[in-house]
Amino acid sequence: NAGVTQTPKFQVLKTGQSMTLQCAQDMNHEYMSWYRQDPGMGLRLIHYSVGAGITDQGEVPNGYNVSRSTTEDFPLRLLSAAPSQTSVYFCASSPPAAPGTGELFFGEGSRLTVL
Amino acid sequence: QQPVQSPQAVILREGEDAVINCSSSKALYSVHWYRQKHGEAPVFLMILLKGGEQKGHEKISASFNEKKQQSSLYLTASQLSYSGTYFCGTGEYGNKLVFGAGTILRVKS
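Chains as they are written, first to last, in our numbering: chain G, 1 to 115; chain D, 1 to 109.
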């Protein structure tokens, strides 16, 4: 049982480059979300989805796009990377569609550095 | 808006107790607690739902005051393995689960 899988685990980008962080879960969870973690800031919600075809913005959505074409996948796209996006990114999923009503299962994280 | 956690950091000796608090300005329907070790993903400890339902580990206890939008995590007889950063997450109406900045707990022998 793989759980929540994030790729890549490490990535270095130059300012202005674009990339996609992949997130896949094999637990048939309706709710999926992306957080970024910076020192002293905790986990900040970027985008979330309550099911295929449905996405919404979190606390810090600027500079990021998401889509949810299947239940399993929830990729996070950085359109034009900036040094301020240097962070550790976590994908998390939960069984119920209503966020906050079930345990969050986290991926191992993706460490992104933007030069 | 992120919930506010207190204290920001606490140092304990093995066997001592600690309380970590979480407060929000928004109406909540749930509070989550997670622990994160350095370089690892957060791990689920407990969820408290409006109406009194709780789900989580048997050795962890917490409270949720729905009227005050506050929650507390109680760590008793601390062990070295309790060290880490503790996050509370608050489920807000309007479909968001947001986390606080965390409380760093260090247990010394």
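A couple of the hints might just be wrong.
Said to hold, decoys possible - Lysine to aspartate or glutamate pairs mimicking EDC-like chemistry, simulated, CA-CA at most 20 Å apart:
1) D:Lys-108 with D:Glu-92
2) D:Lys-26 with G:Glu-59
3) D:Lys-96 with D:Asp-17
4) D:Lys-26 with G:Asp-56
5) D:Lys-59 with G:Glu-103
6) D:Lys-37 with G:Glu-103
7) D:Lys-55 with G:Glu-103
8) D:Lys-96 with G:Asp-56
9) D:Lys-68 with G:Glu-30
10) D:Lys-96 with G:Glu-59
11) D:Lys-96 with G:Glu-30
12) D:Lys-50 with G:Glu-103
13) D:Lys-37 with G:Glu-59
14) D:Lys-55 with D:Glu-92
Read the hints as simulated data drawn from the structure, not as lab findings. The structure presented is a predicted model; accordingly, all values stated were derived computationally and were not measured.
Each hint tested on the structure:
1. D:Lys-108 with D:Glu-92: violated (36 Å)
2. D:Lys-26 with G:Glu-59: Given pair Lys-26 of chain D, Glu-59 of chain G holds - Cα atoms ~14 Å apart, limit 20 Å.
3. D:Lys-96 with D:Asp-17: violated (31 Å)
4. D:Lys-26 with G:Asp-56: Status holds; Cα separation ~19 Å.
5. D:Lys-59 with G:Glu-103: holds (17 Å)
6. D:Lys-37 with G:Glu-103: Cα-Cα ~18 Å, so holds.
7. D:Lys-55 with G:Glu-103: holds (9 Å)
8. D:Lys-96 with G:Asp-56: Distance of about 9 Å is within 20 Å: holds.
9. D:Lys-68 with G:Glu-30: violated (30 Å)
10. D:Lys-96 with G:Glu-59: Roughly 9 Å separates the two Cα atoms, so the pair holds.
11. D:Lys-96 with G:Glu-30: Holds, at roughly 14 Å.
12. D:Lys-50 with G:Glu-103: holds (15 Å)
13. D:Lys-37 with G:Glu-59: Cα-Cα ~24 Å, so violated.
14. D:Lys-55 with D:Glu-92: holds (18 Å)
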